[in-house]
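Participant: Residues per chain, in single letters:
Protein chains: 2
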Amino acid sequence: MTDYCAPVEDMRFVLKNVVGMPEIADLPGYDEATDDLVDAVLEEAGKLAGEVIGPLNHIGDQQGSVLENGVVRTPEGFKEAYWKFVEGGWNSVPFDPEIGGQGLPWTLNTAVQEMWDAANTGWSLCPMLTVGAIEAISAHGTNEQKKKYLPKLVTGEWTGTMNLTEPQAGSDVGALRSKAVRDGDAFRIHGQKIFITYGDQDYTDNVIHLVLARIEGAPDGVKGISLFIVPKVLVNDDGSLGRRNDLRPVSLEHKLGIHASPTCVMAYGENDGAIGYLIGEENNGMACMFTMMNNARLNVGVAGLGTAERAWQQARDFAKERTQGRDIATGEQNVPIIRHPDVRRMLLDMKAKTEAMRALCYYTAARMDVAKKHPDADTRRTAQRDLDLLIPITKAWCTDTGCDVAHTGVQVHGGMGFVEETGAAQHMRDARIHPIYEGTNGIQANDLIGRKILRDGGEAAKAFTNRLRTEACAIAGSGNDDVAATGKAIAASVGAIDAAVDWILSTGPIDIQKASANSVPMLNLMGNVVGGWLMGKAAAAAVSEGVNGHAAWCGAKIKTARFYADHILSRSSGLLATIAESGDTVMALKEDQF
Amino acid sequence: MTDYCAPVEDMRFVLKNVVGMPEIADLPGYDEATDDLVDAVLEEAGKLAGEVIGPLNHIGDQQGSVLENGVVRTPEGFKEAYWKFVEGGWNSVPFDPEIGGQGLPWTLNTAVQEMWDAANTGWSLCPMLTVGAIEAISAHGTNEQKKKYLPKLVTGEWTGTMNLTEPQAGSDVGALRSKAVRDGDAFRIHGQKIFITYGDQDYTDNVIHLVLARIEGAPDGVKGISLFIVPKVLVNDDGSLGRRNDLRPVSLEHKLGIHASPTCVMAYGENDGAIGYLIGEENNGMACMFTMMNNARLNVGVAGLGTAERAWQQARDFAKERTQGRDIATGEQNVPIIRHPDVRRMLLDMKAKTEAMRALCYYTAARMDVAKKHPDADTRRTAQRDLDLLIPITKAWCTDTGCDVAHTGVQVHGGMGFVEETGAAQHMRDARIHPIYEGTNGIQANDLIGRKILRDGGEAAKAFTNRLRTEACAIAGSGNDDVAATGKAIAASVGAIDAAVDWILSTGPIDIQKASANSVPMLNLMGNVVGGWLMGKAAAAAVSEGVNGHAAWCGAKIKTARFYADHILSRSSGLLATIAESGDTVMALKEDQF
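These protein sequences, in sequence, are chains A and B.
Position 74, counted from 1, in the first sequence is what the numbering used here calls 74; the numbers after and before it change by one each time, with no gaps.
Position 287, counted from 1, in the second sequence is what the numbering used here calls 287; the numbers after and before it change by one each time, with no gaps.
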């Protein structure tokens with residue numbers, strides 16, 4: 001089994017040469033994020049991920065978290081790794097210094113987040129959920145709530161959870177039934193929640209649950225939902241811990257993957273009601289959730305990337321070590337299987353897609369930093385527009401592609417890939433959750449065509465593709481043949497996006513079902529092309545970097561981009577044909593014809 | 001969890017209207033395979049699969065087979081189901097009456113095989129392996145060997161295994177080290193084999209192992225390999241059982257899927273050597289293996305189909321029952337999720353691909369029957385040429401597509417898909433083995449471009465596409481708009497195959513690595529198109545059938561074919577672009593650049 005080794009060189013290259021980390025560091029408040037600091041953060045995070053968190057990945061899968069006597073027990077070593085993470089200050093990296101954070105850019109934090117995800121997806125989910133709780137309380141909490149909960153959430157001394165789903169309310173959150181009854185300044189919460197990631201753990205002495213519930217008498221649907229802080233242990237005004245709240249993990253799900261992550265059924269208020277504190281305004285809970293949605297969706301995209309990187313390292317190392325068969329060109333016997341063209345194609349496919357995902361995730365994070373911090377309002381607005389367009393693409397494309405890469409990783413191993421001890425299969429199982437949670441990829445695709453393309457008449461999409469077209473032309477003008485060919489492939493694919501957007505714009509208003517039925521191919525096309533554009537940008541940068549030494553690495557980057565153009569951008573015409581020439585078949589059958 | 005229900009209506013339709021079962025029944029020796037008999041066989045097999053074997057699928061996954069005190073214990077109910085299968089005569093369906101078989105066509109047997117695979121992949125592997133042993137002994141055994149082993153293998157009173165793989169000899173069988181030492185008329189076998197499917201079981205009192213080993217002094221590589229019959233319990237001349245042979249299952253693999261199937265590490269000759277009987281000529285073991293390879297590869301393709309069918313039924317039923325969200329067209333609340341266009345797209349994608357796989361598997365089996373039985377030598381030769389071309393496509397495309405369909409099946413379920421109790425995830429795990437064993441799909445793709453396209457200068461491929469082009473024109477001339485559109489899409493895609501074949505023919509002789517690096521896209525293109533052609537053929541047949549009643553079912557078939565054309569054949573241009581416009585990137589990087 002391959003140990004995880006953070007790809008610091010590629011991370012640094014993408015940050016610096018592709019997504020504009022130097023410009024991010026110029027934003028107000030981000031001036032500490034110098035080149036040196038970026039290097040130091042990546043190196044140190046890489047060590048923790050590689051030496052402490054990564055080696056627990058297989059143990060976590062095999063042991064899983066278990067519920068014993070009403071308490072969750074996480075796998076061996078998980079708690080110790082968590083406290084090393086907390087003591088290193090890693091939980092606080094991206095948060096504002098005024099709430100105890102280090103105030104580093106989300107762009108850099110995204111690279112760091114990738115390491116935790118890649119090292120150990122099941123472990124990384126606990127801090128990932130805490131981020132959501134911090135954001136919600138920061139944005140919508142009272143000063144008192146902020147003072148009470150944020151300091152320990154930011155350090156990681158407490159963890160946070162998000163409680164949305166109920167058996168009848170998954171994608172349709174508005175169908176939830178958990179209720180809140182006013183009791184003085186607080187509320188009593190009653191209800192059952194499912195799929196609660198790290199709903200309990202044995203790391204810390206408190207867990208701060210954020211729970212969606214309906215206040216008695218509130219309207220049906222999403223307009224009657226409020227958000228509550230429901231601590232596992234009540235917190236006294238002096239910050240000390242009080243009595244245990246009326247909530248508990250009832251059971252854990254038996255899942256395909258991420259076994260280490262306790263996915264809890266949570267019961268609130270089985271006795272006299274769990275004490276909950278309203279956060280934000282009454283009936284405005286969904287808006288509070290939306291505050292953190294962009295970030296959460298980006299993070300799940302990053303998890304797709306992380307699992308892909310891990311699967312790629314595993315497959316690459318296996319292919320270099322495993323000997324089998326004859327070199328088809330030289331006839332040499334018993335060569336490492338990386339010498340076989342189809343194995344090499346699989347490896348390049350994994351490598352190219354993973355690097356494109358990395359560039360897309362970091363780029364999306366960079367747009368988020370600009371949208372938050374840039375002094376110029378117009379620049380912030382443009383960045384926000386890009387961000388809103390990119391979020392569903394980043395979440396869905398990176399998570400689908402993550403599954404694809406992990407699937408290919410199993411294939412590289414042949415029969416050994418199907419044996420659990422090898423470790424390749426775990427990545428495939430773990431990756432499978434990412435296209436499902438935080439809004440299924442179908443929901444992302446509907447968000448893309450509905451809110452992000454149809455609502456503004458394609459303005460954001462067209463502004464984005466216009467920029468891509470200009471950049472593709474510049475890349476196509478490179479003196480390097482591979483880079484130029486990649487630029488031409490990007491330009492052709494941008495044309496395919498434009499045609500597909502036009503189709504959505506003309507079809508949506510007259511037949512929204514037909515438009516919706518093509519939303520996933522539309523998203524896949526855009527993901528393929530945006531990923532390809534960033535690979536082209538990276539290749540162009542690698543041409544100049546390569547001149548300054550570092551030639552073999554930069555040469556690989558250029559060829560990897562060209563592979564992406566040949567093997568992935570080449571599919572754009574087919575995706576456009578799927579969208580633009582499709583008949584009315586999707587809705588044509590009656591339900592009983594299925 | 002959805003119970004398996006054999007899709008008898010579609011099976012019958014494909015047999016009769018797509019792959020020419022009536023003509024198969026006209027072949028010498030197949031005259032019993034009348035319409036009535038076909039119906040009866042499908043109905044009865046469907047009952048056994050649905051009522052007995054299918055309900056054990058989840059139990060098999062959860063309990064798995066285990067090795068206890070040196071003996072394999074299969075999951076609860078597996079043995080009883082096996083004996084119902086044997087007592088029903090199902091093991092003997094396709095074999096010659098002269099060895100105790102029922103002499104029914106392989107085409108029909110393939111439909112029956114699909115049912116066992118779909119009902120319970122882990123269970124179905126045991127009889128599937130026995131088929132290989134029967135074929136090897138029938139084709140290469142002495143009369144005495146046939147008399148001794150075939151009767152009980154054909155009834156299923158004994159089971160068979162294939163022992164090829166060793167730790168250092170997987171895809172490269174020629175690297176095997178197991179040795180055979182002459183001992184009178186027999187041999188003593190010594191060696192360790194891995195990945196031996198049903199290497200032991202608790203169903204029957206004997207297991208007939210077919211083992212590849214190298215006779216002392218034989219040449220290295222594939223030219224020094226011989227095939228041996230190595231019974232678990234030695235068989236006396238009077239047919240009674242003698243003493244236990246020197247072989248044993250050492251351990252079972254912990255696998256991603258097919259948990260019910262005991263995948264054994266087998267030790268031969270740890271004491272004085274396992275008694276083995278040479279089958280066929282010395283050093284001719286690989287040729288003996290090739291005898292059964294076409295059939296074995298077809299069967300694995302059928303397993304891909306079976307798992308897809310099971311996953312599709314599970315997803316379809318869930319999508320009809322699960323309510324969630326608002327109808328995007330009517331605004332109705334809390335509708336079954338099958339009403340959402342993207343869910344419906346996923347379902348149609350699963351349905352269309354599964355039906356195309358079915359048609360391809362049965363068609364390949366039909367070519368096998370014609371190649372074996374047709375009185376005219378030229379017709380047999382043409383059928384064999386088609387068969388040789390179709391085998392790698394059927395094996396690889398149906399198994400890759402099976403994984404794809406099972407993956408989509410999980411997605412249809414949302415969060416419930418990730419929970420093992422739901423059952424969707426098992427299909428995804430089980431399906432993952434099929435692209436790996438019986439020659440990885442990369443090996444199939446190399447077989448396709450090497451032995452099946454380059455070796456005869458594209459003659460077989462071009463003859464096949466010429467026929468497809470003619471048939472596509474006929475389909476395109478249909479008075480039904482959907483059928484006509486499907487025919488046009490097939491015709492365009494056949495052009496893409498021809499261009500890709502030309503590229504292989506011109507590239508292979510000058511750069512075999514580059515050709516090989518495009519072998520998988522080439523195979524995927526051919527699979528997509530041959531599947532599409534058969535869907536078009538089915539749709540055209542459904543137009544006339546629909547007139548005779550049965551209209552809703554036939555209407556669904558037509559729309560499903562049209563969906564296939566719009567959403568799958570539409571990708572052909574992209575696959576051709578991948579192949580024909582690809583640069584030299586796959587072999588461009590040095591190994592240390594990975």
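Careful: at least some of the hints might be erroneous.
[Said to hold, decoys possible] Calculated lysine to aspartate or glutamate pairs in the EDC-like style (CA-CA distance at most 20 angstroms, straight line):
id	chain 1	residue 1	chain 2	residue 2
1	A	K590	B	E321
2	B	K372	B	E98
3	B	K590	A	D96
4	A	K488	B	E581
5	A	K152	A	E216
If you're looking for bench data, these hints aren't it; they were derived computationally from the structure.
Since the model is a prediction, treat every value here as computed from it, not as a measurement.
Participant: Next step is simple, just say for each hint if it's right about the structure.
Facilitator: Structure-based check of all given hints:
Between K590(A) and E321(B) the alpha-carbon distance is near 15 angstroms, which keeps this suggested pair within the 20 angstroms criterion. Taking the CA atoms of K372(B) and E98(B), the gap is near 16 angstroms; set against the 20 angstroms cutoff, the hint holds. A threshold of 20 angstroms between alpha carbons decides the hint, and for K590(B) with D96(A) the separation of about 45 angstroms lies outside it, so the pair is violated. Straight-line distance between C-alpha atoms of K488(A) and E581(B) comes to about 12 angstroms, which keeps the hinted pair within the 20 angstroms bound.
About 31 angstroms separates the Cα atoms of K152(A) and E216(A), which puts this hinted pair outside 20 angstroms; it is violated.
In this structure, the earlier hints numbered 3 and 5 are contradicted, and the remaining ones agree with it.
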